[in-house]
Amino acid sequence: MSDQPPESAVSLPLPERIGASRPPKSSTLEEEVTDLFGQLRDRLLRYLLSIGLPLQDGEEIVQEAFLSLFLHLQRGRSRHNLRGWIFRVAHNLALKRRTQAGGSFRSPADPAEASGDLLADPAPNAEDQMASSQEQRLLMAVLQAQPEQDRRCLALRAEGLSYREIAETLGISLGAVSHLLTRSLARLARASER
Amino acid sequence: MAADGELSAGRAERLQKHLSACWECRSQTRELEEAIGDYVRLHRRRLDPMLPPAAGPRALLKAQLSELASSHTSRSWSWFDLSAWRRGLVAASAICIAIAIGLLTRWEWAARELRPDAPGVPVAIPNARLTPGVAVATSREEVCRESPPKNKMVPVSVQRRVFQAYGIDSADPGAYEVDYLITPALGGSDDIRNLWPQSYAATIWNARVKDALEDRLRQLVCTGALDLPTAQRDISRNWIAAYRNYFHTDRPISELSP
Numbered sequence: 001m002s003d004q005p006p007e008s009a010v011s012l013p014l015p016e017r018i019g020a021s022r023p024p025k026s027s028t029l030e031e032e033v034t035d036l037f038g039q040l041r042d043r044l045l046r047y048l049l050s051i052g053l054p055l056q057d058g059e060e061i062v063q064e065a066f067l068s069l070f071l072h073l074q075r076g077r078s079r080h081n082l083r084g085w086i087f088r089v090a091h092n093l094a095l096k097r098r099t100q101a102g103g104s105f106r107s108p109a110d111p112a113e114a115s116g117d118l119l120a121d122p123a124p125n126a127e128d129q130m131a132s133s134q135e136q137r138l139l140m141a142v143l144q145a146q147p148e149q150d151r152r153c154l155a156l157r158a159e160g161l162s163y164r165e166i167a168e169t170l171g172i173s174l175g176a177v178s179h180l181l182t183r184s185l186a187r188l189a190r191a192s193e194r
Numbered sequence: 001m002a003a004d005g006e007l008s009a010g011r012a013e014r015l016q017k018h019l020s021a022c023w024e025c026r027s028q029t030r031e032l033e034e035a036i037g038d039y040v041r042l043h044r045r046r047l048d049p050m051l052p053p054a055a056g057p058r059a060l061l062k063a064q065l066s067e068l069a070s071s072h073t074s075r076s077w078s079w080f081d082l083s084a085w086r087r088g089l090v091a092a093s094a095i096c097i098a099i100a101i102g103l104l105t106r107w108e109w110a111a112r113e114l115r116p117d118a119p120g121v122p123v124a125i126p127n128a129r130l131t132p133g134v135a136v137a138t139s140r141e142e143v144c145r146e147s148p149p150k151n152k153m154v155p156v157s158v159q160r161r162v163f164q165a166y167g168i169d170s171a172d173p174g175a176y177e178v179d180y181l182i183t184p185a186l187g188g189s190d191d192i193r194n195l196w197p198q199s200y201a202a203t204i205w206n207a208r209v210k211d212a213l214e215d216r217l218r219q220l221v222c223t224g225a226l227d228l229p230t231a232q233r234d235i236s237r238n239w240i241a242a243y244r245n246y247f248h249t250d251r252p253i254s255e256l257s258p
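Sequence order for the protein chains is L and D.
One point on numbering: in the numbering used here, the residue at position 57 of the first sequence is 57, and numbering is uninterrupted.
One point on numbering: in the numbering used here, the residue at position 47 of the second sequence is 47, and numbering is uninterrupted.
Simulated from the structure, these hints should not be mistaken for laboratory data.
It cannot be assumed that every hint is accurate.
Taking lysine-lysine and the DSSO-like style, the derived pairs with C-alpha atoms no more than 30 Å apart in a straight line are [as the list claims (entries may be wrong)]:
#, chain 1, residue 1, chain 2, residue 2
1, D, K62, L, K96
2, L, K96, D, K152
3, D, K62, D, K152
Simulated restraints, written as ranges between beta carbons of each label pair [stated by the list, open to error]:
#, chain 1, residue 1, chain 2, residue 2, range
4, L, A145, D, P53, 30 to 40 Å
5, L, D42, D, H248, 42 to 52 Å
6, D, P155, L, R183, 34 to 44 Å
7, L, P54, D, S8, 40 to 50 Å
8, L, R187, D, E67, 41 to 51 Å
9, D, R45, L, A145, 14 to 24 Å
10, D, L60, L, R183, 32 to 42 Å
11, L, P54, D, A63, 20 to 30 Å
12, D, P49, L, Q39, 17 to 27 Å
13, D, Q164, L, R183, 43 to 53 Å
14, L, D42, D, D227, 48 to 58 Å
15, D, L51, L, Q74, 41 to 51 Å
Since we're looking at a predicted model, the values are computed, not measured.
Note that the Cβ used here is the ideal one computed from N, Cα and C, for glycine as well.
Here chain D stands alone, though its shape is the one from the complex (with noise of 0.2 Å):
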């Protein structure tokens, strides 16, 4: 710490006098530092050869950034500032846009209404016109065959359109997860409308319960004592009621643990 800098002046100029004094100490100190060294060897050593060249990562950030940079660049653009021609073109382009993601456009028509009127309130339970839940196994089997697949991580640009679609736009997107509503362990789709923002802030009703009522789910499922479709219905449709409803509880059961 006194090495960060930590130490008030009157602790380092201590320790520092009874360094001098103290042979053991010093002893200590040195054998400490072969130990930093000898670990911080191993360290790179052991690591250094797992990385690849950075160029490929910092070309794909590059251009993640040029495309977050230029829809920010975008909103703030004047219409009044472009030549004839090219407001025609510009509305031309944005006619041809609205009419190629026509379902897309429906859905994020949907969200701005939906918008809360606080952005960045955390989100318990998703808005059922923006996530009603979607499924694409629909049988047993399917869901039974294999060990639980790992859900798998959303891409950031579909993240900041469950994000805008949320109204949490100008929130720290830091403080949710984008998660699946159906999870892939039950036949859940990556669909845009199976992903919804899970606020971090929630301290009850958060990630770790949800993935419990997950795993009790596909339990369930896979023992035959639960069919697939009515899982599917119950997590998307309330998924803190379908806790409640499968652990018998109105609180989690990590809650009610002394």
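So that you can see chain L by itself, here it is in the shape it has in the complex (with noise of 0.2 Å):
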């Protein structure tokens, strides 16, 4: 009988916990946050690509996201889960810029964007490669046909934010991010079996 730990159906990488649990490591709040952009920018800038935003505006969401925060903890407010807040603010303005650009973003996930050379392994042998490449395009095409709630929970999951951070950036509840997560990851395991 294996030891092997009890999981959860889905157990992406653990999140860091930034914030309340953690006092700042620098001094004053401008290098606090500068840190905290070091940390999360990839994050934040990666998540808010794969919902569709265009890179400029994504730079710029991050960029306004972060001084957002600096007048935030400015003004004394809540240190509690300042990931989950930084993601939530991003995920709202995005929101927002799409609706400005008519509701619609071109998602750099599509299939036939996502070409071989994006998608392939750089292993050495050529038939592997391309097994890979074939099996990513499938799966690339599963994840697309999810619904956009779904692709949301498990980009930010990817980025390491957990159930409770999710639903709070989401503005869903913690049992929607469950069953959300749980459904999307059975999807992608059976095309992973085809």
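Got two chains here, separate frames each, mind docking them using the hints?
In structure tokens form, the structure reads like this:
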């Protein structure tokens, strides 16, 4: 009998705890916000790109979110879960930007755009590389067929957010996050079996 | 959820016992773990090449933070902490700055007079003295020549000035969006006199409703049913009244839907 520890159905990388449970590294607020930018910028920008935001808009929203964080902290507001706070602000700004753009973004995840070059495994063996690329194209197609909210949950989880942080970012319940993640991963798992 | 510590100790223990005994469940769990691995690799491989280096954005953020921090610090300076010649220098600089930004200063003085008593009160209709509305395009051909332009993001420094003018500098700017009164799709300018803080707290007369009005007005203008100056005047005077007029309703259409 295996001693494998129990896992929830979905256990993407565990989030680091930022904010309430850890004192700021830097003595000044500017340094603290800059440190957080260093930790979270790539994750935040990757999430914004994954939901279809153009790169330039994504960069602007990341800047705006961190400036809002500075003002938030400067006013002595809550330091509870700053990572969740900043993802929520950026997500809401992205939705607003999408509304202004006429309700749709061009998704960078279109299967046609996701070329073999982009998805190719850097394995030396050409056959392995082709097989891996085909698997990933299939996975991408399954991913693209999923409802938008499912894809958002997956992307946020892949960026290290906890269930609770995802729920707060998307404004849905904890149970809904669990349901959406389990459902979408089950679909991806079925696709991998084919 | 167990991995996040969201399950009670009792439920987590029951889950562990069940998994120990259930081969099928463990097999399914492994399949899901593999799917997670595949997804995370795909997510990273697809998006990481698109990320530009962080150094430039980081430097930009630092510069903007310094500007924000210095503007905050300057408010807490004590005049009497400065030596006489420095006080003179500061006074001279202040006079020069005041002259250089005369128009802006006048605008902001007007803003102070008109600040609401309670900072942070949701703004549904812009103050006509602060935000009379400014248009750059004055002909139907200019507006209707191409597909409607996107609203450009308002720079943070301009947003701050708008918030301060409306007396919501102590409220959470995240609760507001700085919006164009006359939308660029109707020839509106990005002049500060065409910008106002629209509250996210507004549940009925909100940004989506105003967007619908903008679409309707542009459609009317571009089909020749309405002249552009009238559309610009109506939306800038009172956009809610304009909505009621052009949609022939007292409440937003979306509110009336079941």
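Structure-based check of all given hints:
| no. | hint | in the structure |
| --- | --- | --- |
| 1 | K62/D to K96/L | holds (25 Å) |
| 2 | K96/L to K152/D | holds (12 Å) |
| 3 | K62/D to K152/D | holds (23 Å) |
| 4 | A145/L to P53/D: 30 to 40 Å | holds (34 Å) |
| 5 | D42/L to H248/D: 42 to 52 Å | holds (50 Å) |
| 6 | P155/D to R183/L: 34 to 44 Å | holds (41 Å) |
| 7 | P54/L to S8/D: 40 to 50 Å | holds (44 Å) |
| 8 | R187/L to E67/D: 41 to 51 Å | holds (47 Å) |
| 9 | R45/D to A145/L: 14 to 24 Å | holds (19 Å) |
| 10 | L60/D to R183/L: 32 to 42 Å | holds (40 Å) |
| 11 | P54/L to A63/D: 20 to 30 Å | holds (23 Å) |
| 12 | P49/D to Q39/L: 17 to 27 Å | holds (21 Å) |
| 13 | Q164/D to R183/L: 43 to 53 Å | holds (47 Å) |
| 14 | D42/L to D227/D: 48 to 58 Å | holds (50 Å) |
| 15 | L51/D to Q74/L: 41 to 51 Å | violated (28 Å) |
Comparing the model with each numbered hint stated earlier shows that hint 15 is the single one that does not hold.
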